[in-house]
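Visitor: Those protein sequence lines, which keep their order, are chains A and B. In terms of our numbering, the first sequence is residues 1 to 301. In terms of our numbering, the second sequence is residues 1 to 301.
If you are wondering where the hints come from, they were derived from the structure by calculation, not from laboratory data. Every residue, glycine too, gets a C-beta built ideally from N, C-alpha and C. Just so you know, not all the hints are guaranteed correct.
[What the hints assert, rightly or not] The calculated label-pair distances, taken between Cβ atoms and stated as ranges, are:
#1 B:GLU123 <-> A:ASP235: 38 to 44 Å
#2 B:THR80 <-> A:VAL91: 44 to 50 Å
#3 A:LYS236 <-> B:ARG45: 28 to 34 Å
#4 A:LYS47 <-> B:THR80: 52 to 58 Å
#5 B:ASP277 <-> A:THR80: 25 to 31 Å
#6 B:ASP274 <-> A:SER119: 48 to 54 Å
#7 B:GLU215 <-> A:GLU127: 48 to 54 Å
#8 B:ARG45 <-> A:ASN289: 56 to 62 Å
[Said to hold, decoys possible] Away from chain B, derived, C-beta distances all over 12 Å, residues of chain A:
#9 THR19
#10 THR39
#11 HIS115
#12 ASN121
[As the list claims (entries may be wrong)] Listed next, the in silico DMTMM-like pairs over lysine to aspartate or glutamate satisfying Cα-Cα at most 25 Å (straight line):
#13 A:LYS102 <-> B:GLU153
#14 B:LYS157 <-> B:GLU294
#15 B:LYS2 <-> B:GLU95
#16 A:LYS94 <-> B:GLU116
#17 B:LYS47 <-> A:GLU215
#18 B:LYS214 <-> A:GLU281
#19 A:LYS102 <-> B:ASP105
If you want the building blocks of each chain, they are given just below.
Number of protein chains: 2
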Amino acid sequence: MKLTILGCYSATPRALNNTTSQVLEINNHMFLIDCGEGTQVQLRRHKIKFNRIKHIFISHLHGDHFFGLVGLISTFRLLTRETDLHIYGPVGIKEIVTLQMKLADSWTNYKLIFHELSSNNSELIFEDDTVEVFTIPLNHRIYTNGFLFKEKEGKRKLDMDLVEEANINVAYYRKLTQGFDVINEDGVLINNESVTKPGTKPKSYAFCSDTYYKEDIVPIIKNADVLYHESTFLDKHEHLALKTKHSTAKQAATIAQKANVGTLLLGHYSTRYDGLDAFKEEAQEVFANVQLCEDSKVFNF
Amino acid sequence: MKLTILGCYSATPRALNNTTSQVLEINNHMFLIDCGEGTQVQLRRHKIKFNRIKHIFISHLHGDHFFGLVGLISTFRLLTRETDLHIYGPVGIKEIVTLQMKLADSWTNYKLIFHELSSNNSELIFEDDTVEVFTIPLNHRIYTNGFLFKEKEGKRKLDMDLVEEANINVAYYRKLTQGFDVINEDGVLINNESVTKPGTKPKSYAFCSDTYYKEDIVPIIKNADVLYHESTFLDKHEHLALKTKHSTAKQAATIAQKANVGTLLLGHYSTRYDGLDAFKEEAQEVFANVQLCEDSKVFNF
């Protein structure tokens with residue numbers, strides 16, 4: 001699981017700060033999460049192949065999370081993309097994009113498929129053989145979702161000594177890796193777990209931006225390997241977090257601790273602060289394993 | 001007259017190329033012309049005070065000319081702007097901006113005044129004591145205007161020897177600078193031009209992007225001091241210019257020559273070419289005084 005931070009600052013892009021956008025590589029998928037202004041340039045800087053992006057997840061319709069979307073869609077068109085593109089985001093996102101395509105008389109050649117979200121409950125919005133994506137309903141000034149990306153249980157590994165000892169025909173080996181019990185050459189039912197071991201532990205990544213402190217999300221993100229949780233403010237500005245429906249670093253850490261996640265990533269920093277160290281220090285008072293997002297930083301988990 | 005090129009490439013922003021946007025300073029006005037994605041970052045890089053921008057002119061609704069507009073408007077809001085902002089652009093621009101403000105539940109505190117354009121004739125769209133702005137109807141794939149910025153005739157200068165000789169009361173000096181004839185102390189009408197000289201020669205700037213070769217614009221931009229004319233292609237790709245309704249450098253130069261402008265600026269280059277020299281060379285076969293726009297280049301005229 002590889003996470004590339006294209007941008008992790010709040011509010012407005014600046015000469016040295018990009019607004020929210022991340023690329024998550026998981027099980028050969030490349031998911032784009034949020035798409036602030038300038039995201040396409042950041043994608044180019046990281047030499048990320050545009051055609052590998054087939055699914056874009058937009059948390060909410062504040063500009064710092066999606067003003068780069070229409071430009072990216074338009075650039076894909078100019079580069080004669082043919083691959084389908086799925087967009088997941090709040091109701092209204094389709095109207096914004098299609099209105100601009102209509103007025104520019106510039107329709108995409110590729111298929112643009114919108115999945116508009118409106119539920120206040122966690123929903124499964126994407127699934128294939130290897131990955132599932134669920135929404136994480138957040139609480140912000142407008143309708144907002146986080147996203148939980150979960151690898152599915154990998155194939156089980158055969159313990160060859162035990163498999164041979166159990167006298168199982170080779171034709172059943174694939175069934176075994178898929179977790180099924182099988183009948184051996186002697187007509188006896190062999191319990192799967194008696195001859196196989198679990199595959200690679202599936203990983204999960206929870207992306208939560210923007211939101212105020214909200215414990216309701218804890219059950220949804222429970223035991224996630226990695227949690228990105230916004231931390232717009234430091235503790236001394238908790239009143240601003242409350243007012244603008246954002247979180248402090250300490251609140252993000254409290255969520256991480258209650259959800260028992262592996263690693264907490266902080267981001268969506270207000271640019272009012274001089275450096276980022278205080279975010280990490282304040283979070284670590286509550287939860288030990290904290291890392292700071294920075295623009296262009298790459299995490300491997 | 002000072003022109004700052006924020007971006008001058010066509011199609012899509014890249015790591016080292018910005019799409020169209022320019023700032024024209026003329027007679028204490030600061031006009032923003034087109035606003036491709038990332039324009040707000042370029043404005044910051046050039047330390048251009050956001051509050052000095054009161055008028056934004058958008059040529060047409062292709063993304064490389066306006067995808068940065070909604071972000072800029074949004075950033076102005078976040079920075080608690082109070083100054084009115086006037087937007088001039090094709091019909092539809094108001095709907096695009098207001099739809100996004102509505103869905104973000106983020107209305108500006110400052111007054112946002114849209115001047116939607118739909119005429120196919122050159123119109124006066126802005127005027128005050130010192131400057132006039134006219135549209136230049138262009139011919140592109142969708143409804144497009146260029147803009148002609150014209151200083152008004154400056155105040156006349158008094159020839160003090162002649163003024164005193166003509167026995168004119170000092171109370172009339174202001175009237176003289178404004179070009180009026182006045183009556184002297186002896187009750188005789190004094191012809192203005194007999195005691196004054198013309199003020200500073202008013203300057204003009206014509207911005208023409210995007211368009212195919214179209215001589216209709218020549219009378220509108222006749223004798224302009226500076227003409228920016230798009231030159232997306234080199235001569236060998238004239239067929240592409242025709243197909244996409246753009247111009248070659250040579251066609252831009254032909255317009256400059258027919259309109260008898262002072263200086264021709266080239267821009268809106270396709271990124272298919274390795275360097276820009278060939279644009280200048282081809283244009284100079286037709287018109288001598290050619291300069292190349294480049295991102296972040298500043299011209300003083």
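Visitor: Which hint numbers doesn't this structure obey?
Guide: 1, 2, 4, 7, 8, 9, 10, 13, 14, 15, 17, 18
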